[in-house]
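Chains as they are written, first to last, in this note's numbering: chain E, 238 to 751; chain G, 34 to 90; chain X, 173 to 588.
Please keep in mind that the hints were generated in silico from the structure rather than gathered at the bench. Remember, predicted model here, so these are calculated numbers, not experimental data. For each residue, glycine too, the CB sits at the ideal point set by N, CA and C. Check before you lean on any hint, since a few could be wrong.
Per label pair, the in silico range of CB-to-CB distance [as the list claims (entries may be wrong)]:
1. 510/E x 40/G: 28 to 38 Å
2. 298/E x 336/X: 27 to 37 Å
3. 281/X x 298/E: 32 to 42 Å
4. 579/X x 508/E: 16 to 26 Å
5. 240/E x 54/G: 32 to 42 Å
6. 209/X x 240/E: 47 to 57 Å
7. 336/X x 315/E: 55 to 65 Å
8. 288/E x 578/X: 38 to 48 Å
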Amino acid sequence: MASGFVIRKNQYYDSVFLMSVNRRISEVKGIQETAVLMGSPANKQLLLDIGIQNDQINNAQPNDLIVAVLAESSAIVENVLGRLEEWLEAIQENTVALSVRTLEDGLSNKPDANLAVISVPGEYAAREAKKALEAGLNVFLFSDNVPIEDELMLKQFAMERDLLVMGPDCGTSLIGGKGIGFANEVRRGTIGVIGGAGTGLQEFTSQVHNAGSGISHAIGTGSHDLSGKIKGLTTLAALEALEADQQTSVIAIISKPPEAGTLVILLERIKTCKKPVVGCILGIDPGSLSGKPNFQAARTIDEAVRLAVALSNGQPAAPSGGLTPERMATIRKEKQAWSPEQKYLRGIMAGGTFCYQSQQILGEAGISIHSNSPIEAKNRLEHPDRSIEHTIVDMGEDFYMVGKPHPMIDGTMRTRRILAESRDPQMAVLYLDFILGYNASMDPVGELLDAILEAKRLSKQRGGSLTVVASVCGTENDPQVMGLQMKLLHEAGALVFRSNAQASTALCQLLGQG
Amino acid sequence: METSTNKLLTGPVIAVNIGLKSFGASLEQQGVEVVQVDWAPPAGGDQEMMDLLDELM
Amino acid sequence: MDIKQKIEKANEEAAHRLNLGDPVLVDIAPAGEVIPGMEGKMITYSGPPIEWGWMCGAQRGAIIGQVLFEGWAKSVEEATAILDQGKIRLEPNHHHHTVGPMAGTISASAPVWVVENRAFGNRAYCRQVEGNQQFGDYSEGALQGLRLWRDVWAPTLREALHTIGGLELKPIITKALQMGDELHNRHTAASSLFANAMAVAMAQTELQKDKMLWTLKYVTNHELIFLGIAMACGKAIADPAMGIEYSTVVTAMCRNGTEFGLRVSAMGEEWFTAPAPKVDGLYLPGYSEEVAGLDMGDSAITETVGWGAFTIGGAPGILSLVGGTPEEALAYSREMKKITVSSHPTYRLPALGFAGTSIGIDIRKVVQTGITPIIDTAIAHKDPGYPKIGAGLVRAPLECFKKALIAFGRKYDVGK
Numbered sequence: 238m239a240s241g242f243v244i245r246k247n248q249y250y251d252s253v254f255l256m257s258v259n260r261r262i263s264e265v266k267g268i269q270e271t272a273v274l275m276g277s278p279a280n281k282q283l284l285l286d287i288g289i290q291n292d293q294i295n296n297a298q299p300n301d302l303i304v305a306v307l308a309e310s311s312a313i314v315e316n317v318l319g320r321l322e323e324w325l326e327a328i329q330e331n332t333v334a335l336s337v338r339t340l341e342d343g344l345s346n347k348p349d350a351n352l353a354v355i356s357v358p359g360e361y362a363a364r365e366a367k368k369a370l371e372a373g374l375n376v377f378l379f380s381d382n383v384p385i386e387d388e389l390m391l392k393q394f395a396m397e398r399d400l401l402v403m404g405p406d407c408g409t410s411l412i413g414g415k416g417i418g419f420a421n422e423v424r425r426g427t428i429g430v431i432g433g434a435g436t437g438l439q440e441f442t443s444q445v446h447n448a449g450s451g452i453s454h455a456i457g458t459g460s461h462d463l464s465g466k467i468k469g470l471t472t473l474a475a476l477e478a479l480e481a482d483q484q485t486s487v488i489a490i491i492s493k494p495p496e497a498g499t500l501v502i503l504l505e506r507i508k509t510c511k512k513p514v515v516g517c518i519l520g521i522d523p524g525s526l527s528g529k530p531n532f533q534a535a536r537t538i539d540e541a542v543r544l545a546v547a548l549s550n551g552q553p554a555a556p557s558g559g560l561t562p563e564r565m566a567t568i569r570k571e572k573q574a575w576s577p578e579q580k581y582l583r584g585i586m587a588g589g590t591f592c593y594q595s596q597q598i599l600g601e602a603g604i605s606i607h608s609n610s611p612i613e614a615k616n617r618l619e620h621p622d623r624s625i626e627h628t629i630v631d632m633g634e635d636f637y638m639v640g641k642p643h644p645m646i647d648g649t650m651r652t653r654r655i656l657a658e659s660r661d662p663q664m665a666v667l668y669l670d671f672i673l674g675y676n677a678s679m680d681p682v683g684e685l686l687d688a689i690l691e692a693k694r695l696s697k698q699r700g701g702s703l704t705v706v707a708s709v710c711g712t713e714n715d716p717q718v719m720g721l722q723m724k725l726l727h728e729a730g731a732l733v734f735r736s737n738a739q740a741s742t743a744l745c746q747l748l749g750q751g
Numbered sequence: 034m035e036t037s038t039n040k041l042l043t044g045p046v047i048a049v050n051i052g053l054k055s056f057g058a059s060l061e062q063q064g065v066e067v068v069q070v071d072w073a074p075p076a077g078g079d080q081e082m083m084d085l086l087d088e089l090m
Numbered sequence: 173m174d175i176k177q178k179i180e181k182a183n184e185e186a187a188h189r190l191n192l193g194d195p196v197l198v199d200i201a202p203a204g205e206v207i208p209g210m211e212g213k214m215i216t217y218s219g220p221p222i223e224w225g226w227m228c229g230a231q232r233g234a235i236i237g238q239v240l241f242e243g244w245a246k247s248v249e250e251a252t253a254i255l256d257q258g259k260i261r262l263e264p265n266h267h268h269h270t271v272g273p274m275a276g277t278i279s280a281s282a283p284v285w286v287v288e289n290r291a292f293g294n295r296a297y298c299r300q301v302e303g304n305q306q307f308g309d310y311s312e313g314a315l316q317g318l319r320l321w322r323d324v325w326a327p328t329l330r331e332a333l334h335t336i337g338g339l340e341l342k343p344i345i346t347k348a349l350q351m352g353d354e355l356h357n358r359h360t361a362a363s364s365l366f367a368n369a370m371a372v373a374m375a376q377t378e379l380q381k382d383k384m385l386w387t388l389k390y391v392t393n394h395e396l397i398f399l400g401i402a403m404a405c406g407k408a409i410a411d412p413a414m415g416i417e418y419s420t421v422v423t424a425m426c427r428n429g430t431e432f433g434l435r436v437s438a439m440g441e442e443w444f445t446a447p448a449p450k451v452d453g454l455y456l457p458g459y460s461e462e463v464a465g466l467d468m469g470d471s472a473i474t475e476t477v478g479w480g481a482f483t484i485g486g487a488p489g490i491l492s493l494v495g496g497t498p499e500e501a502l503a504y505s506r507e508m509k510k511i512t513v514s515s516h517p518t519y520r521l522p523a524l525g526f527a528g529t530s531i532g533i534d535i536r537k538v539v540q541t542g543i544t545p546i547i548d549t550a551i552a553h554k555d556p557g558y559p560k561i562g563a564g565l566v567r568a569p570l571e572c573f574k575k576a577l578i579a580f581g582r583k584y585d586v587g588k
């Protein structure tokens, strides 16, 4: 054991500062005892108590600084005392950010706020949304698992105040050209759209942009808005808002089938709307919607886009381009390369709407599809992990979302499913959707590429050939590099389409007879 | 009649983001004025306290 | 008016009363002379009510010291025996409009600071602040400090104080907060200003020169002398805010080394307690966390009225107590804004852009945000017989606030 001390004459430091210096020195390895004190009588007694005494120390004055250490070795003592200046330097400053922890804090920070974007766990979401509405803010409510009674309460509360509740379970909105949640970078224009299905809105808005037109606003309503309990409160409020909006000349609605009574209310309201309305209600027979005043029914999102763009341009709708001769040729070639056992489609979707729309398009072509999110109950998979014949899985469905990120953000779960399916020699077609835009993965294709190539390799090894079909939802202005995503897919030998409906049409050809 | 909803549409959007940081970041990326709330369950998620506070605050 | 509105209105009233506080030092007198209910063989102590048998080591040591100081026993063994036999009445300081630092023990012949709140006419009391007996040291040296205060310093100061007719404390507190004091562990400026005033006062008395000089030396060298006065001020300012129906504002926070206790305006004299927390601190040479006692003292009355750690943003020197930075100090002060109902009009902090100190802790906001009041404090040894061993930061336990909220809800028939 070794000891040593240093005395600095006439260097006054405040006792509190010295205590912190003392602590830092005592943390040095090998230090057994430290004292950093001014030379007052009481302090000199303290030093004596820990065994440090010396004439010099005895003679120290109250304004002298004494630094004394006991350590395992004299080397340590010398090292520590040699760096005295360092110890006496002021502590390094690190900035501690002022935390904004509640909605109230947020509002003090931004008193002009007009929108609360809420993505807290479902059991707390209604409480936060209500506070936001009370403070006069519109609400974008991404949270799901919000009790339906709370949703009703929120929407009625909002209605009294002329505020919008977009959600719960709303993934997408575009207000004034600004994307909220999962949204694409899309040109401004005069087409307004309302939708309860996030990826449906993304698909519609992207395609409007890709067709050269633009979006005034896209208003998400949440997936339960058209249920019998809620009766379309947000859909109706959005309709009214878009009707009054100067920018909007056409209004589109994209949704899954509303409850019967709600559909009646909706169509009644559309009748008196001052602007023309185009609707794509997936899963419903469009024939049942024909002849409704001021309402054009589209069978697919793509068709809704064509109708809306035409209305917006004041021109007749472009014809729906079927598959080109080149595509048809490619499809024939793909089919010829399959081995005799290859028969089935496996679709592994990130977009819930795409899972639905694909089922509808294939169903209309007489091809029965199993799913964890089936249009018809009889086609429900017994277990979401076990595909049956033609299967399209929605990987964003509740079962796959417990404690896991959404497939739009993270490709891990889809990768796993691709590899699982690749062990099935009966798989002939693998269909994957890729969704670009804000908050989505920055490289959705790249994340799945290895699995796609592995699946193709395994199929080849078995003497067959796996057909990969891909649809990409997004615009060239999205944060991801669209060109690169497309290139990767082409290089992997995939048949790439810019819409889910088009890809599904190709699937019909692939799976159909002949 | 200018409603609060219409004011939102005529814009600009000024947002308070409560929850996922990425949502706030993507708004910022698009030049939207947004404040991030580092939210935690009120009363540490204690249901009894939350119920009481609902009545008292 | 629904209950939320009643609560808001009541809290406004509580804040109003706290902000009106106008403390004046009117006397320094033996406790038996001025503290209501102090009579016979009785010792008051810091913190919420606790039995002798459950007191922590340091508080036991201080109580023994107080017994010896009063001459009720001649040895530690004798003192312990009469305490065990229940022959000494023991009561919390707070039950007698009084506060005391660390173990906070007060008995009849111990002189206490007497502060009057001119806004409401009420008075509060606090014992002297020193570095030994209040930490549980009952040695001769420790007791000698108590005797000198009783026999020399306090009577001298009393004489001086009477000569000038009392000392207004608001100007001293205002200035001190702007000079880097936080009025709990850092009183350098306030004590200086106090010493200046008392020096002038003493010079005007007919006292003997040697007593005056001795007292001057004591006063000018005691950097924490103002703590005792500040604590009495805090108590005098907070007491008028007690008992306001529907108010959720905290009127007292105190600890006895075993439990932490708080009182809420609407709930009157009821205590809401939780186990005393550990202090996160720095230690004097020879001591460490292993031998530290738990949070102790009535000095949290300073935080109760918005001083102490609440103003730490303006007293960054103190932050080095736990290795923090000036930025963290500012962050603490800003944090406290979130759990209080008002800003003081007069006590302002330059470091926070001259914002007023945050005053009026609202138990609802504490429970909702999970932000508990921060307190900076000295640390005693866990065993009797030792002086001060360190200092640090501690948070009031959330449990007290939850208990208080439940009781509040029950009183006004709210919640399931």
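Results for each hint:
Between residue 510/E and residue 40/G the beta carbons are some 21 Å apart, a value that contradicts the proposed interval 28 to 38 Å. In this structure the hint that residue 298/E and residue 336/X lie 27 to 37 Å apart at CB holds, the actual value being about 35 Å. Look at residue 281/X against residue 298/E: about 37 Å separates their beta carbons, and that is inside 32 to 42 Å. For residue 579/X paired with residue 508/E, a C-beta distance near 59 Å fails the hint of 16 to 26 Å.
Range check, residue 240/E to residue 54/G: about 52 Å between beta-carbon atoms, so the 32 to 42 Å window is missed. For residue 209/X paired with residue 240/E, a C-beta distance near 54 Å keeps the hint of 47 to 57 Å intact. With their beta carbons about 57 Å apart, residue 336/X and residue 315/E fall inside the hinted range of 55 to 65 Å. The hinted window of 38 to 48 Å between residue 288/E and residue 578/X is violated, with their beta carbons roughly 53 Å apart.
In summary, the structure is inconsistent with hints 1, 4, 5, 8 from the numbered list given earlier, while agreeing with the others.
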